[in-house]
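> Those protein sequences? They're chains C, F, X and D, same order as listed. Each residue of the first sequence is one higher than the one before, counting from 2 in my numbering. Each residue of the second sequence is one higher than the one before, counting from 2 in my numbering. Each residue of the third sequence is one higher than the one before, counting from 2 in my numbering. Each residue of the fourth sequence is one higher than the one before, counting from 2 in my numbering.
Derived from the structure by calculation, the hints contain no laboratory data. Worth double-checking, as some hints may not be accurate.
Identical copies go unnamed one by one, so any copy, or any two together, can satisfy a pair.
[As the list claims (entries may be wrong)] Listed next, the in silico EDC-like pairs over lysine to aspartate or glutamate satisfying Cα-Cα at most 16 Å (straight line):
id, residue 1, residue 2
1, Lys71, Glu36
2, Lys21, Glu305
3, Lys316, Glu113
4, Lys71, Glu23
5, Lys71, Glu35
6, Lys28, Asp61
7, Lys203, Asp87
8, Lys21, Glu332
9, Lys316, Glu332
10, Lys316, Glu279
11, Lys94, Asp156
12, Lys203, Glu35
Protein chains: 4
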Amino acid sequence: MMIVMRADATQEEVSQVLNKVESMGLKVHLSRGEERVIIGAIGDGRVVDRDQFQILAGVDRIVPISRPFKVASREFSPENTTFPLDGVSIGGKGIVIIAGPCSVESLQQTLEIAHAVKEAGANVLRGGAYKPRTSPYAFQGLGEQGLEILAQARDETGLPFVTEVMSIDQVDVVANYADVMQIGARNMQNFPLLNAAGASHKPVLLKRGMSATVEELLMAAEYVLSNGNRRVILCERGIRTFETSTRNTTDINAIPVIKSLSHLPVILDPSHATGNWEYVTAIARAGIAAGADGLIVEVHLHPELALSDGGQSLKPERFASLVRQVKAIAEAIGRDLSVSRHAIPIPSPIQR
Amino acid sequence: MMIVMRADATQEEVSQVLNKVESMGLKVHLSRGEERVIIGAIGDGRVVDRDQFQILAGVDRIVPISRPFKVASREFSPENTTFPLDGVSIGGKGIVIIAGPCSVESLQQTLEIAHAVKEAGANVLRGGAYKPRTSPYAFQGLGEQGLEILAQARDETGLPFVTEVMSIDQVDVVANYADVMQIGARNMQNFPLLNAAGASHKPVLLKRGMSATVEELLMAAEYVLSNGNRRVILCERGIRTFETSTRNTTDINAIPVIKSLSHLPVILDPSHATGNWEYVTAIARAGIAAGADGLIVEVHLHPELALSDGGQSLKPERFASLVRQVKAIAEAIGRDLSVSRHAIPIPSPIQR
Amino acid sequence: MMIVMRADATQEEVSQVLNKVESMGLKVHLSRGEERVIIGAIGDGRVVDRDQFQILAGVDRIVPISRPFKVASREFSPENTTFPLDGVSIGGKGIVIIAGPCSVESLQQTLEIAHAVKEAGANVLRGGAYKPRTSPYAFQGLGEQGLEILAQARDETGLPFVTEVMSIDQVDVVANYADVMQIGARNMQNFPLLNAAGASHKPVLLKRGMSATVEELLMAAEYVLSNGNRRVILCERGIRTFETSTRNTTDINAIPVIKSLSHLPVILDPSHATGNWEYVTAIARAGIAAGADGLIVEVHLHPELALSDGGQSLKPERFASLVRQVKAIAEAIGRDLSVSRHAIPIPSPIQR
Amino acid sequence: MMIVMRADATQEEVSQVLNKVESMGLKVHLSRGEERVIIGAIGDGRVVDRDQFQILAGVDRIVPISRPFKVASREFSPENTTFPLDGVSIGGKGIVIIAGPCSVESLQQTLEIAHAVKEAGANVLRGGAYKPRTSPYAFQGLGEQGLEILAQARDETGLPFVTEVMSIDQVDVVANYADVMQIGARNMQNFPLLNAAGASHKPVLLKRGMSATVEELLMAAEYVLSNGNRRVILCERGIRTFETSTRNTTDINAIPVIKSLSHLPVILDPSHATGNWEYVTAIARAGIAAGADGLIVEVHLHPELALSDGGQSLKPERFASLVRQVKAIAEAIGRDLSVSRHAIPIPSPIQR
């Protein structure tokens, strides 16, 4: 941490800061510039609240030096983290494609979609049983019944599944059914939930909050990791900006930025990141081209009847085309689709 | 809801939309422009998922007409909602000033600050027992012990207190101690927590999420209200924008906008909205001038020792000056400080 | 400028940076932390391009220490800058109220509004002769004829006037007619125009760009100031954020931030900052309460007939009410309306 | 245009709006919902200022139906616009790669880079002679001398070149030398400059403003197009958001959105969109994968000596790798690099 003094700071104010730094067990390093004094506080800045310095007389601002996350950082673990999701490896050379309905609506709907996405090349199933909805008057999900349906779809197709957990009291039941536990964008800084998911030792799919910085996403991951759970998948799902032509703005930069800062796998959700099925395939291609380790895509047989997010859901045939295109992009950069322990049909050549 | 068709939509596509509208129990109203057809769907649009129309062939976009919130709207209740917080009225002519430390750190610290803010003119105490922290390595609050300290400070000063609840499993204990239950910015869309706070029937102070729109804030309030709890206070606390010279950007426009759309009381948190004690007083004045019904301000006797948010905390003498200035602004627009059933010292004339 | 090295930077990479710093005539100051080396480059960082260091091997990031603006800074000139606009002082105790139509549409319209705003208490007239419009198909202004009309309104009312200049080829003619030359938000970083306005030695009203930081606004002012023109007025007019309930988001924080960083007068444009006449008065009050030195407000006799910005224009009676309310706020913080050398009617007591 | 009335609008207020619509030569279409009346105004909404309706009593809000741009729209011209830049076709199957230094610094520097980027596979040269700089104290470019250098580099390499024009008084001289005239992000709404560039009939490379919506970018293009100049290339170069880990946020969504709304060619500037050479190649790949028609990339032989933007400039060998990777991506989606009439070396197979 560097403490930049004001140009008009007095010698007494400088001394006060030096004393404060030393009183916190940090070493001091003083630098006198032409206009200002800068004080380095050497030691583990992660344990110190910078506000305690900001408030001191004569201080202009505080510049953190170390990154605030530790276990999530590439310095902590230089090699990419890789782990299997019921036989499907994530974080390695293979691209993981997670697909399914926004909400689990019924057994039949879920089975149909699960078979369709498997046939199209998906290797993990998604589906929401507990749904966070902006309006209290909207469909809120089937709850545990939805989890049972997803488990049945897994049994029939061999696809492991990911589903969202919204609250600490749902962690046990979700962990009991699901292969991967999703923490949604609205809960990215729900710290009790992060701790509970960390304690569960299930793989966690952590979605970036809609106005969270990459650093905050990594700090949220740090909550899970610091509970001893190392199987965290990060997910870019679009951020909130001034642009209104799409529901969110895909922060494609975040893919290489996260890859540079962290060893954790990163996937992209082109459905939420655009909010419009017309743009999903183009952005899915872009995500893989930028270096993402996978995709999570909303698919519905009858989007016009979907109980949520119909506008951004792909029909199975469009999704199959997406998989073919994404496979071609993956190969162009020396990667491929991740192979499940369950057979995955080989998509036919790209046709657009 | 208006459904705007593409310029090149076919007659068949129009018919399909008309059928869909009618199948959902809504009435149809057709308007043919020079370039496009527009279809009005008449009825309660709140129960319909617009995505189900967005996905239909030939549809360009959907334009919602009714606001999605109902009980929170001024149309539902044209008069301002007013209610007492242990004797201090909010939502009426009187301005409520909530003040205290960011975190409860000890009994002594809390009592000293509570006495100081009361003497300066505050009529409600604030303090955090459960603290949402970006870093898992930062001070996380004293928990229930903090609630006991706050209750003791209330007993000694007569000030009711507000404190944050972070998780559904804390709702009962917080409701047991606190006069007002705060839902923080990071939890604004924690829907299980909103439901639980609604069911508790305690007054709820609902902070705007850092990237939530005013409409989303009102929808979050709707969750509490639709549980039958009508005592909701909305709080503007700054939004996240590109500007980095302050921690957040105070959305001062939100004050008159919310007043126009809703009957609920609105307060401003100038401490988080600026993140810097130097700007807190100016923004507190602005908030009251814009029509806010109160303020929530962080105060600490020794900000340089605070375990959180020291940089934005005021010392008691500065806070006393803030109260004097805010009182003068309130009087200039025909309002005054809210009077507690407990005596509040009359601040001396403004001195800056 | 501090150069933060990566944790894994080699000694050779550190040496390379040290050599580079010295080769640019700056002094070096080395600080070895537990994890990283930090190199201070001491001297005038304003003349050095930090990118030249960013690119060096082993460099993590560059932290600027000095502010990049100089003449605009409060360190350069600790006292507030004050200067008269044809007899109306700005930057001192008195609040300046600039009002008038968005566009000059005709002589009669302009004269009527000029008389009305003067009667209501305005001390400067505004009106656009050259209009920047998003659409090439919209009304583009009357040009020089508009300037003549404004000059005639000044002759009749005694109010000096401010009008926008959009291009370097308009600077001479605008300088010839106007008392204050406005540079609009879209041109805040039109550097040739800033230079030309600087060279004109007319007072310049510089509006903040809709996504400009406060620092960039001050850098734009620096262009004008470094041409020897010290009469610059800064104007907050709302920034672009994700919130859509108002046209822009008033960055009210910017008022005290700019006051802290710079000695230049700052005014607020509540018309553009909200885009809706309903909110203009509340935000005008907030601006003055936050410490602004004045306001610029759009007024029209028949907003429903205005050729531009009718939706955010006040009718004269509402504007008169705004002036009364703003005067009360100004007095509450120890200020008052600026008195013109021309008589200004005393507004009657506040009525809302 | 649809005019949504307030729920409490009176019959008289509705009549007033109806009269106003008809008085402007538009046809009226009335729709009575359960809660509100909606009035359709049928005709060319582009010529009507919606503010004139917003201000009328009883009006809640105005919903535009037609897009405000016309010549830029895909409805106006369903086929992609394609045109040659001195022999290099843009807008068709071939990808155009524009590369070169941020600033022209000297003849030698420019020639060296021009040869290097040509050898690596670029088919157009870029370089700045007039430089918009945030600080008045930074290098401002070589002016006309820079144009002469670029022309000489074109003569030696056969690469056509693009260079920025900052002001209307530079249009003639830039048009005289350059093959493509660039209008920078800061000037995207410099309307006199857009008109002058339109009148020049040179191909125009129009960069998106850093807080401009896609719609505003298309409206800016409309200024050029409505002057009869149909050779406009749009450029996404990153937008300003809250995220600070990169200089800007690449709005990758904008690529398919623009392709859907407009027939004009779109390219991506991964250098400005990230601000960091480490991320440039990944984002270049993503841009082509998303459907961009080309790239504009900053390249420098010695980025650590560059007079501007060194931090985001690639060295030639990295740029050559970028071209190889982009070519592989292009082929994966059925495209290829655009072939110049001048020979372009075939990049060797991808190596990363």
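> Now tell me if each hint is right for this structure.
A quick look at each hint next to the structure:
1. Lys71 to Glu36: Between copies only: 12 Å across, 34 Å inside.
2. Lys21 to Glu305: between (63 Å within a copy, 9 Å between copies)
3. Lys316 to Glu113: Within one copy, since 12 Å is at most 16 Å while 51 Å is not.
4. Lys71 to Glu23: Result: close neither inside a copy nor across copies, 24 Å intra and 34 Å inter.
5. Lys71 to Glu35: Between copies only: 15 Å across chains, 35 Å inside a chain, cut-off 16 Å.
6. Lys28 to Asp61: neither (20 Å within a copy, 22 Å between copies)
7. Lys203 to Asp87: This pair counts as within: shortest intra-copy Cα distance 11 Å, inter-copy 45 Å.
8. Lys21 to Glu332: Close neither inside one copy (56 Å) nor across copies (42 Å); limit 16 Å.
9. Lys316 to Glu332: neither (24 Å within a copy, 26 Å between copies)
10. Lys316 to Glu279: within (11 Å within a copy, 37 Å between copies)
11. Lys94 to Asp156: Neither way: Lys94 and Asp156 sit 27 Å apart in one copy and 45 Å across, limit 16 Å.
12. Lys203 to Glu35: neither (55 Å within a copy, 35 Å between copies)
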